[in-house]
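Chemist: Those sequence lines, one after another, are chains D and X.
Per the numbering used here, the first sequence starts with residue 44, numbered consecutively.
Per the numbering used here, the second sequence starts with residue 62, numbered consecutively.
If you're looking for bench data, these hints aren't it; they were derived computationally from the structure.
Here the structure is a predicted model, which means the values were calculated and not measured.
Hints may be right or wrong, so weigh each one.
Stated by the list, open to error - With beta-carbon atoms standing in for the labels, derived distance ranges:
1. X:94 to D:179: 28 to 38 angstroms
2. X:592 to D:314: 41 to 51 angstroms
3. X:241 to D:229: 32 to 42 angstroms
4. D:229 to X:430: 39 to 49 angstroms
5. X:349 to D:340: 33 to 43 angstroms
6. D:383 to X:430: 39 to 49 angstroms
Glycine included, each C-beta is placed from N, C-alpha and C at the ideal position.
Residues per chain are reported as follows:
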Amino acid sequence: MSAETGSTEPSENAAVSDLLASFLSETDSLCTAAKTAIAAASDGSMLEKARIEFLGARSGRLKAMTQLLSGLTAVDRPAGGKQFNEAKATITALFSAARERIAAAQTKDGLAVVDAIDVTLPGERVRIGHVHPLTQTIRRVQEIMSRLGFESVDGPEVEDQWHNFEALAIGAEHPARDPLDNFYLAVAQGTEPLLLRSQTSTVQIRVMEKRRPPLRIVSLGRVYRPDTADATHYPMFHQVEGLLIEPGTTMAHLKSVLHFFASSFLGGDVRVRFRPSFFPFTEPSVEVDMEWDGRWIEMGGAGMVDPAVLESVGYDPDAVSGFAFGLGVERIAARRYGVADIRDFYRNDVRFLEQF
Amino acid sequence: MIISTNWLADYVQLQVLPASLADRLLMSGLNHESTRAVGADTAIEIEVTSNRPDCLGHIGVAREAAVLFSRPLSTPDPRPLEGKGDAARSITVEIHDQTLCPFYSARVIRGVRVGSSPQWLVDRLRTVGIESINSIVDITNYVMLECGQPLHAFDLQTIQNGCITVRRALAGEVFTAINHKTYSLTDKMCVVADAVGPLALAGVMGGVRSEIGPQTVDILLECAQFAPLAVRAAARGLVLASASSYRFERGPDPAAVDWASRRAAAMILDNAGGMLESGTVTAGTLVCAPASVDLRHDRVANVLGINIQAARQQEILLGLGFESEGSDAVCSRWKAPTWRRDVSREIDLVEEIVRIEGYDRVPEDEPIAARPVELSLHEKTLRLASDALVGAGLCEAMTRSVVNDALETTCSPWGSALPLVVSPALVRGADRLRRTLLPSLLEARMGTLAVGAPHGDLFEIARAYLADDTANKDQGTASSRSGLIQEPLLLSLVTSGNFSTAKGLAEAVLGRLGFDPWEINPASNTGYEFRPLQLDLFSPGRAAEIMLCTAGSTAIRIGVVGEIAQPIRDRFGSQPAVSAAELRLDRLEFAAGIEKKLQSLSDFPAIGRDLNLVVGEAVPWASIAAAIYSAAGKLLEECRLVQVWQDVERLGAGKKSVVVSLRLRSATGTLSGDDAMRTIDAIVAACGQQVGATLRA
Numbered sequence: 044m045s046a047e048t049g050s051t052e053p054s055e056n057a058a059v060s061d062l063l064a065s066f067l068s069e070t071d072s073l074c075t076a077a078k079t080a081i082a083a084a085s086d087g088s089m090l091e092k093a094r095i096e097f098l099g100a101r102s103g104r105l106k107a108m109t110q111l112l113s114g115l116t117a118v119d120r121p122a123g124g125k126q127f128n129e130a131k132a133t134i135t136a137l138f139s140a141a142r143e144r145i146a147a148a149q150t151k152d153g154l155a156v157v158d159a160i161d162v163t164l165p166g167e168r169v170r171i172g173h174v175h176p177l178t179q180t181i182r183r184v185q186e187i188m189s190r191l192g193f194e195s196v197d198g199p200e201v202e203d204q205w206h207n208f209e210a211l212a213i214g215a216e217h218p219a220r221d222p223l224d225n226f227y228l229a230v231a232q233g234t235e236p237l238l239l240r241s242q243t244s245t246v247q248i249r250v251m252e253k254r255r256p257p258l259r260i261v262s263l264g265r266v267y268r269p270d271t272a273d274a275t276h277y278p279m280f281h282q283v284e285g286l287l288i289e290p291g292t293t294m295a296h297l298k299s300v301l302h303f304f305a306s307s308f309l310g311g312d313v314r315v316r317f318r319p320s321f322f323p324f325t326e327p328s329v330e331v332d333m334e335w336d337g338r339w340i341e342m343g344g345a346g347m348v349d350p351a352v353l354e355s356v357g358y359d360p361d362a363v364s365g366f367a368f369g370l371g372v373e374r375i376a377a378r379r380y381g382v383a384d385i386r387d388f389y390r391n392d393v394r395f396l397e398q399f
Numbered sequence: 062m063i064i065s066t067n068w069l070a071d072y073v074q075l076q077v078l079p080a081s082l083a084d085r086l087l088m089s090g091l092n093h094e095s096t097r098a099v100g101a102d103t104a105i106e107i108e109v110t111s112n113r114p115d116c117l118g119h120i121g122v123a124r125e126a127a128v129l130f131s132r133p134l135s136t137p138d139p140r141p142l143e144g145k146g147d148a149a150r151s152i153t154v155e156i157h158d159q160t161l162c163p164f165y166s167a168r169v170i171r172g173v174r175v176g177s178s179p180q181w182l183v184d185r186l187r188t189v190g191i192e193s194i195n196s197i198v199d200i201t202n203y204v205m206l207e208c209g210q211p212l213h214a215f216d217l218q219t220i221q222n223g224c225i226t227v228r229r230a231l232a233g234e235v236f237t238a239i240n241h242k243t244y245s246l247t248d249k250m251c252v253v254a255d256a257v258g259p260l261a262l263a264g265v266m267g268g269v270r271s272e273i274g275p276q277t278v279d280i281l282l283e284c285a286q287f288a289p290l291a292v293r294a295a296a297r298g299l300v301l302a303s304a305s306s307y308r309f310e311r312g313p314d315p316a317a318v319d320w321a322s323r324r325a326a327a328m329i330l331d332n333a334g335g336m337l338e339s340g341t342v343t344a345g346t347l348v349c350a351p352a353s354v355d356l357r358h359d360r361v362a363n364v365l366g367i368n369i370q371a372a373r374q375q376e377i378l379l380g381l382g383f384e385s386e387g388s389d390a391v392c393s394r395w396k397a398p399t400w401r402r403d404v405s406r407e408i409d410l411v412e413e414i415v416r417i418e419g420y421d422r423v424p425e426d427e428p429i430a431a432r433p434v435e436l437s438l439h440e441k442t443l444r445l446a447s448d449a450l451v452g453a454g455l456c457e458a459m460t461r462s463v464v465n466d467a468l469e470t471t472c473s474p475w476g477s478a479l480p481l482v483v484s485p486a487l488v489r490g491a492d493r494l495r496r497t498l499l500p501s502l503l504e505a506r507m508g509t510l511a512v513g514a515p516h517g518d519l520f521e522i523a524r525a526y527l528a529d530d531t532a533n534k535d536q537g538t539a540s541s542r543s544g545l546i547q548e549p550l551l552l553s554l555v556t557s558g559n560f561s562t563a564k565g566l567a568e569a570v571l572g573r574l575g576f577d578p579w580e581i582n583p584a585s586n587t588g589y590e591f592r593p594l595q596l597d598l599f600s601p602g603r604a605a606e607i608m609l610c611t612a613g614s615t616a617i618r619i620g621v622v623g624e625i626a627q628p629i630r631d632r633f634g635s636q637p638a639v640s641a642a643e644l645r646l647d648r649l650e651f652a653a654g655i656e657k658k659l660q661s662l663s664d665f666p667a668i669g670r671d672l673n674l675v676v677g678e679a680v681p682w683a684s685i686a687a688a689i690y691s692a693a694g695k696l697l698e699e700c701r702l703v704q705v706w707q708d709v710e711r712l713g714a715g716k717k718s719v720v721v722s723l724r725l726r727s728a729t730g731t732l733s734g735d736d737a738m739r740t741i742d743a744i745v746a747a748c749g750q751q752v753g754a755t756l757r758a
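Assemble the whole structure, with the sequences as input and the hints as a guide.
Modeler: Now the structure itself:
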């Protein structure tokens with residue numbers, strides 16, 4: 044606006060006023076300068092300097108242009124404002140583009156680098172506990188046997204003599220019943236003392252007493268025999284025993300199940316070998332060897348359930364037959380994990396437990 | 062049992078290497094222990110199972126080898142020359158108790174020269190690890206190792222009037238054995254005695270009084286059957302096991318009694334001279350009635366799953382000494398040899414056949430039909446519980462079920478009956494069946510911290526053992542088989558945290574097993590709540606019992622939790638602060654059988670409200686929570702305790718502020734502010750009525 048002209052009406056073809064012309068050229072050169080400065084900014088701090096110079100909210104050069112804009116006449120102001128807004132949008136867009144350009148230059152593999160840290164510092168690791176290696180071994184045996192339809196069962200550890208001996212065809216005169224070879228309880232049930240079970244076969248008797256064939260079970264748990272503790276013996280240990288009772292069961296089924304077990308447990312096609320042995324509750328009875336690292340390793344005992352045992356639980360030995368096998372958990376766990384002294388399993392040293 | 066290959070060659074010509082022999086014996090039931098050269102001989106040590114006393118002599122092993130290698134077996138038939146004199150006039154034999162000694166026989170040889178044995182005899186004994194003593198003793202040992210029947214030679218002159226009595230030992234009776242040690246006997250044992258006293262501990266060891274020595278001229282040669290139980294009572298009770306007792310415990314061949322007597326007499330005459338009086342003086346009866354056993358033709362295949370030709374079956378049984386008693390369309394009949402009293406049933410014959418034929422023939426690829434199987438509630442519970450604690454950073458421990466007195470004096474949360482006691486002790490001093498796992502875990506924790514483990518946070522899942530305790534019986538499930546003893550399945554844990562840590566771990570397990578706090582929904586079937594508890598194990602005021610509440614029944618204790626009391630910590634190696642919990646998993650197993658059903662989730666917006674309730678400082682959180690839930694209705698989704706604080710100036714004396722954060726949400730629509738407000742008002746009113754709470758602005 045020009046006070047001197049006194050003109051109040053804008054003329055369409057009116058010549059551009061000097062003031063406006065000066066404003067427009069000033070805006071143009073500001074634009075050019077901003078373009079140059081922004082283009083020249085090669086990192087964040089140069090760009091920030093440019094932003095403050097041109098777009099700074101308090102003393103930026105665009106802010107200064109608003110002073111000039113307000114000094115234009117009412118006639119000139121729309122044209123000036125338009126030019127100003129275009130310049131501002133241009134510079135803002137240039138700035139955004141430059142910011143992206145610089146950020147892109149600082150990324151690796153497309154990811155923005157924020158605050159870089161020492162990635163080799165220790166993480167805040169959550170402590171996870173460990174399942175005991177014997178439990179892991181038991182679960183592994185259970186898991187493999189369950190694929191063949193064997194159900195895990197549990198029974199009492201304090202037993203009567205019927206289940207621990209008589210039903211298993213271990214007669215009153217059998218040396219296995221010697222007081223020095225068992226943990227008898229001081230309390231009597233009738234006249235016969237109870238005892239800590241010396242084998243998990245007791246559970247098989249209990250299951251057979253309650254259920255009819257077909258049966259496929261694995262009984263497992265703690266058993267107790269008075270052995271002096273040393274590297275290979277402990278007076279308390281764990282047994283896993285399998286039992287299958289079905290019509291038409293043969294030793295070929297027994298060997299095939301153990302072959303399946305050994306191959307699953309040890310991996311690969313593991314050969315199984317039977318050697319004749321003697322257990323009161325199986326007949327024929329065998330020792331089971333499995334080939335491990337080129338050597339035959341004794342894994343446990345097995346056999347066809349003795350007809351006398353089938354009769355003692357009320358089964359007809361001519362109608363059904365079955366097999367049983369037993370594995371020492373400590374023995375296979377020690378072998379599997381390279382534990383030389385089975386007492387280590389009961390030391391409960393956390394440094395030991397955390398290795399499994 | 063050690064066998065000499067030179068000796069074995071007396072009965073069977075094998076013409077195989079010792080290693081090959083050992084391997085075949087191994088695969089037919091005589092486990093191989095070791096093989097070693099002894100001079101020009103080879104000693105093979107084998108393990109003989111308790112059912113095979115026949116293989117405790119060289120002839121028995123030779124018989125096995127002969128069958129395995131299809132070679133003929135030849136055994137001596139000794140016929141010692143009887144001279145003048147009648148043994149029955151020199152000695153008498155009487156058995157007082159035939160349950161201890163079914164049969165006794167004695168021969169008399171006069172005028173022997175007791176000297177050293179010939180070299181071949183000394184060599185053979187040396188191969189099998191027996192030192193030569195003199196010609197008489199060596200011969201009795203030799204014959205025992207030949208046929209498995211023990212013998213004993215007495216110096217006849219030392220036997221008063223030549224009168225032998227086999228009787229039960231008197232309790233406290235004193236006996237000096239040939240090892241010059243004196244033993245005090247019990248009435249479970251059997252002695253061979255004269256009028257003066259015991260001459261020998263029957264079947265175990267001879268006495269020093271009647272020992273054969275250079276002075277001996279006349280001998281009494283004993284060959285008898287002694288009962289396994291009496292022999293075992295003496296051998297074990299006096300820790301006096303011998304080669305003789307080992308064999309009598311397993312029961313030698315009854316037919317070998319006479320053979321061994323003849324064999325030893327003949328060898329003595331040959332090697333020590335002297336004259337054998339005629340006849341054998343005997344007492345008792347020799348029971349020797351081998352069983353006749355029928356073998357169905359299809360039985361071998363039905364048991365083994367393989368076919369073995371009938372001719373081969375016969376060949377094996379005949380070779381082992383079985384006698385054929387005929388055959389028909391269904392079965393063949395066999396009479397067992399006297400030395401195989403372990404064979405009395407058809408299944409025993411099947412085992413004999415496959416044992417010799419070899420298990421290698423049994424296939425290992427027989428198909429087996431699939432069957433469905435599911436984990437039991439017990440197994441599911443074990444896994445859920447241990448997974449929860451492993452996730453929380455605890456390690457699973459395994460400690461002994463039988464503990465010592467010091468551990469057991471810590472009382473059990475599960476009953477007041479005294480601990481059950483076992484004999485012998487599991488390890489030195491440990492003869493009490495534990496009633497709680499906590500002391501064992503505290504001990505384990507002490508042990509692992511002492512060696513510098515990174516932490517001692519442990520848990521264990523195992524049974525405890527409780528004598529019948531009526532106070533405890535009505536508390537629900539018991540895994541008792543006899544009614545006398547319960548074996549609760551316990552889960553115990555120890556942690557370095559405080560009460561709240563142990564409680565949180567217990568709640569994590571309970572949550573994993575599917576249990577919620579009772580106050581959340583008292584109308585539901587079950588839930589747990591914590592109640593203050595006094596127990597010596599825990600610091601006063603820092604312990605709780607966990608109760609399982611079931612709608613319509615009495616709450617039962619399913620756990621305890623607390624900070625371990627200082628005196629208990631002192632007992633376990635002055636441990637730093639430790640808290641513990643123990644849960645009765647046997648009372649929680651049922652929950653593993655409850656099918657999980659989806660609770661539908663609401664996507665409508667929730668409204669949160671915090672309430673600052675001021676209550677008396679003695680009001681427990683459980684009462685406040687119960688008041689909130691009682692009034693909340695279906696809209697309350699979560700009630701969370703934010704903060705508890707006390708400030709006399711701002712709240713007044715005896716007051717505390719309890720800040721709770723509530724989240725309300727409707728399942729059916731967007732909750733209006735008014736609806737939310739009504740619920741909040743009801744909650745505030747209930748808290749006012751039930752626990753005297755006022756709302757702090």
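Chemist: Looking at the structure, which of the earlier hints fail to hold?
Modeler: Hint 2 contradicted; others consistent.
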